[in-house]
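S.K.: For reference, the chains in residue letters:
Number of protein chains: 2
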Amino acid sequence: MRLIVAVILLLSSVMAYAQHPLAFATKAELEGVKKSITKYPVLQKSFVEIKKDVDSWLEKDVDVPFPKDPAGGYTHDRHKANYTLMFNSGLLYNLTGDVRYATLVKTILLKYATLNPTLKNHPQATSSSPGRIFWQALNDANWLVYTGMAYDLVYNSFTPAERKTIEDGAFKPEVDFMTKDLKPWFNLIHNHGVWACAGVGIVGIATGNKEYVDMALYGTEKTGKAGFIAQLDGLFSPDGYYTEGPYYVRYAILPYYIFANALNNARPELKIFGHRNSILKKALEAGLQQTNINGAFLPVNDALKEKDFTSNELVTAIDIAWDAYGKDAGLLTVAAKQDRVLLNRGGASIAAELASSKNIKTVYPYKTVEYVDGAKGDEGGISFLRMGKDADLTTLTFKYASHGLSHGHYDQLGFFMFDKGAEVFQDYGSVRFIGVEQKYGGRYLPENKTYAAQTIAHSTIVADEKSHYDGKEAVAEKNHAEKAFSSVSNPAVQVVSAIERNAYPDIDLHRTLYLLGLPAGKRIIVDLFHAISSNQHQYDLPFQYNGQLINTSFKYKGATAAQRPLGTKNGYQFLWREAEATVRDTIAQFTFLNGRTYYTVSSLIQDSAQVFFTRTGANDPDFNLRREPSYIIRKNGAAQTFASVIEIHGKFDPIGEFSTASYPLVKAIELKYNDENFTVAEVKMGKDILRIAQCNKDFSAATKHTVKVDGSSMTWTGPFTVLYNNKILQ
Amino acid sequence: MRLIVAVILLLSSVMAYAQHPLAFATKAELEGVKKSITKYPVLQKSFVEIKKDVDSWLEKDVDVPFPKDPAGGYTHDRHKANYTLMFNSGLLYNLTGDVRYATLVKTILLKYATLNPTLKNHPQATSSSPGRIFWQALNDANWLVYTGMAYDLVYNSFTPAERKTIEDGAFKPEVDFMTKDLKPWFNLIHNHGVWACAGVGIVGIATGNKEYVDMALYGTEKTGKAGFIAQLDGLFSPDGYYTEGPYYVRYAILPYYIFANALNNARPELKIFGHRNSILKKALEAGLQQTNINGAFLPVNDALKEKDFTSNELVTAIDIAWDAYGKDAGLLTVAAKQDRVLLNRGGASIAAELASSKNIKTVYPYKTVEYVDGAKGDEGGISFLRMGKDADLTTLTFKYASHGLSHGHYDQLGFFMFDKGAEVFQDYGSVRFIGVEQKYGGRYLPENKTYAAQTIAHSTIVADEKSHYDGKEAVAEKNHAEKAFSSVSNPAVQVVSAIERNAYPDIDLHRTLYLLGLPAGKRIIVDLFHAISSNQHQYDLPFQYNGQLINTSFKYKGATAAQRPLGTKNGYQFLWREAEATVRDTIAQFTFLNGRTYYTVSSLIQDSAQVFFTRTGANDPDFNLRREPSYIIRKNGAAQTFASVIEIHGKFDPIGEFSTASYPLVKAIELKYNDENFTVAEVKMGKDILRIAQCNKDFSAATKHTVKVDGSSMTWTGPFTVLYNNKILQ
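Sequences listed follow chains A and B, in order. Position one of the first sequence corresponds to residue 22 (this note's numbering), numbered consecutively onward. Position one of the second sequence corresponds to residue 22 (this note's numbering), numbered consecutively onward.
Check before you lean on any hint, since a few could be wrong.
No copy is singled out in the list; a pair is fine if it fits within one copy or between any two copies.
Claimed, not checked - Derived DSS-like pairs (lysine-lysine); straight-line CA-CA distance at most 27 Å:
#, residue 1, residue 2
1, K672, K358
2, K410, K66
3, K60, K73
4, K201, K231
5, K382, K358
6, K693, K705
7, K66, K379
8, K410, K358
9, K303, K382
10, K590, K578
11, K73, K672
12, K708, K89
13, K672, K89
14, K358, K379
15, K326, K441
16, K576, K89
17, K348, K358
18, K487, K470
19, K397, K302
20, K397, K246
21, K504, K302
Calculated from the structure, these hints are not laboratory results.
With these hints in hand, go ahead and build the complete structure from the sequences.
M.R.: Given below as structure tokens:
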């Protein structure tokens, strides 16, 4: 590694630093864009939008206030607007030749050159990585990225003296702050670190400062253990899964792409876009596959559910990827929804394609995908099983990945499901009102940790009312579940099985989810979930459903006159106990309505179980939580198997005033065989019989298994088989 | 009246009964449609859809089961499907000449001819108007309408013997049942009665039975006090407002139009479409004005909020209106969203217009409208104040109408507000899952009366925890509020003031709502609500907001560890008490977020008041209610004025991660003058001052008023004036 770094440092001496601009785009590139503006509507529209905004500031005095407010407050929003304004104005200088745009950038930059050397830590700083212009260093890094590109875009219009003033006054204090005061943070392998490296690196390219670029690439010590290359190697799995999950890859993808693009211009010899088998291409595709049909990122770990792929970050990544990796129909679908482009070569090229393409698909080409997690791909993973297409897509997400750093949730073996665009079984997401000053300055709210990240907020087993890994990030970071087996080649039988041995000291959790396509287009999920222990425990399996209760097969008692919380800690304190039941030796069935579709959870109850209907809102005097329901099955014992079937069924038509297939088809669930080696489950659905046999220990593809079921032998090969009326389901 | 009826009965002897078909469309008309099918895409699509469905039944034995199930159950849905199938098949017989379609109708009709004479009241009948084929007579009336048209469409293909079998077996028992067994119901002036008259009348036209048609037109006694003409005269106000509200006009508009259309063919001398200054044209336009920008009917009285103007009823009404009253751009916008047409002359004509029109507006041309209620227009009314256009429309509904028959709610002087398509201050609507068998057979649920209709479920004053008129329909039907004054000619200052004197024995309620457009496009509502009594009362003013609490100006205490209902009856028993506060001599401000917009309610608190945050769900073990929040201000005293300002403000952008104008501008509200004659309210908004002066007694337009405010004289003419920084607001 040392040797490689040395060679690269040597090569970098031939960098084309003399040229400007270079970071966001080259001079020749922008000349090309300039000629295209009037040709392609989306490019023109994007240009006009920027120009309209910047022009409104041309004759005005732009405020560069002394930092004071948290996110959502005036000084925060002003500084954020300033770096965008400078960047856009720099672009317009290149695209119009009008020197007033360069002057606007210069005026603001000179104010920062005066302000920045005077700054100490921000008065609202609460995190371990305080900012100076902003409350957190992350926002300062954003500022460096855009301000660096802005400076580069107008560099040629400045006198050497102006350059020195700006580089020493505006940039150096910030770069020094990041790379010295916040050195450990700068060197972290984390999305903040990606932004920090991109910021320092882009300023390095803009100012011709090789030291800055080298620190950005290889860490402050230039060993390669930190820095951008390490971020590329460490935060993605080999197939492009970002360890923090899709919400944060959405955020990190911008500095990854924008710095890679700058490096591609400034240090082409790095061949950064080809790095690690084009990891950035895989990362973008994986990010897009992890969205719902409306473009919203799927809520793995901390996630704001409103975020979708029309966000600025994805516009940037897609327009650069289009140029770096070539045309792609999926990217074009997303670009059409974005309805705006970057004013660079990629953006102009997409705008041209949008103008000439007919029949651009309206939905991204979603497919079943499975990703491994961890830099080496050996830290579990996550599966997105899909059935149907376009608006009629079902997406089942099953998580058995590593914790996902500081934004991770304690939800090993958890699932959530989207159907027809609706989030039918949900992950709460994160407790945060981003940019809303009244809500703790737009930061993560306390309930994010105390509720949303806790296991009970998810759809997986909670033992003894404690979260996985006891809710400790340090422990969670060292562990992850392992995939036992999966099969997704038969579209009608998609199955993933995973085992978690460390969430609790003396309990193994083994869950297998089958997404099955039955005759006549019916879709069901079969969920076989073993909790294995030699000690007695209380096991809760919640289903975080979204919808209105329509019917249950069992009698329950509602908390009609008073409501109390379900528990006292680990997230339980936030759940009102709305209703409960004790059920015994039965199939507990619960039907709810979401939008215009019915969903039924049918669960085998052997011996007895308790059932709870809960709703968030207890112990939430600040109204930080949405009021959301959950259906929880509670069993006590040593080893327990939760066998459930989720049916997607019927149609509620309030306009036509009729319902079809509003009742579930499942009549019975039986475990015909269940021990440490095998499970055979049988589901009676009307006159049809579904039988699933699976291995619990030997997951090899070639082994032949035989078990006695109902007195006769049942034989199959490999980890599982699914029979429908005695025939293998296709 | 007797004389007129006699003359009309005389004239009716010249009816063109010999011709068939006549009820849905004439032979010549259908010949024309036939030629157009391949010309216009929407017409062709509508034809193909019907044909596909009917063809799938051509060689099958269609079940005509003995009635057994409630709505949502098999026999209900089968009979419903059967009348649609017969009607469509009858149409196809005329449009294709294929005799198999006539045979299909005949086969089914003959089964009904066998079944119907054997029927007693439906086993699931629970209402005072039981059905025979269905659980309620209303559905039997639907059956008569469509089956009558179906018979008429294939009449020419039957032998006289077949006709007699069908007329005596299928129709006569049903017509006799309606006009004899259910005579009082048939003669009711109510939407059920409209359906019943349409059913009997259409069967009369189809079978050439003058007696049936006469009963349909003038009631069983043929006095004109009941029947279709009386329904046209009695259920609409002179300007077309339907007394049950928009949800039920949506339902009634179909039998009105389809029977009017049939009469137009069979008894053209009635000039039915011109009746009462074209009341059906006014009714349809009023119905469409009472929708949200997504086409959903506004929730006045019992209403299912999913219902929109793409429903079958509106397709029928619009296609007939287009033919009867001529082309209209608004109707075309609705027709484009419906994306299907009737296979008649109007439908073909709309399809032609849709094919040739460019730039059809995507949003119906909504405007501010005010309707009087009552056949004579003297029973109060309802105002829909509007500001903005297209997707940025604000609609403020203010109700001071008559009760609205059996589906009325006890919400005199209640308001609700839609903004940007979202229901920001809501009416709960109705508690019903239509067509869902598991939810009480799809009927209205008990909570519809016990919660949704009660006053506390609305945004108007509740005194002493009792609903208006003590929640008694008979009392409510005899009373209504009265408009004091209104002005909607200045788009920036729209105001409606109404008084209710009978909701409580010793309390007068007087509410005035101002929808104001301030500079820079800001919209606010000023709400001046007097409760006037000489006795002590508890007054609750709820705001049924939809959204997430963002901030309050006052401290409150959350019910964190246990939650109890707010009251014990009149709807209060369903409200969980989530949080509460006592506030004193202040402006109580409450900001919430709905979608991407902030809303703040600022309320003047003189002396002291209690504030409650509640949520539905208490005493609801069947989960029949949605969980919805409310913000309630409670004051005690004799006379009280509730002065509130609702601000629509700012933008929450979770994708761009910023908020603008998330804080309210209102800093103070003062009542500068307030007695039985005048109220002068002053609102400080930042540096701006809004002053409203209004009369509480003399509402004449010409009177000049002078009051002393802050020691100087204030003068205005007419019932109100609105000043903004001392200038009249324009």
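S.K.: Run through the hints listed earlier and report the numbers of any the structure violates, in increasing order.
M.R.: Failing hints: none at all.
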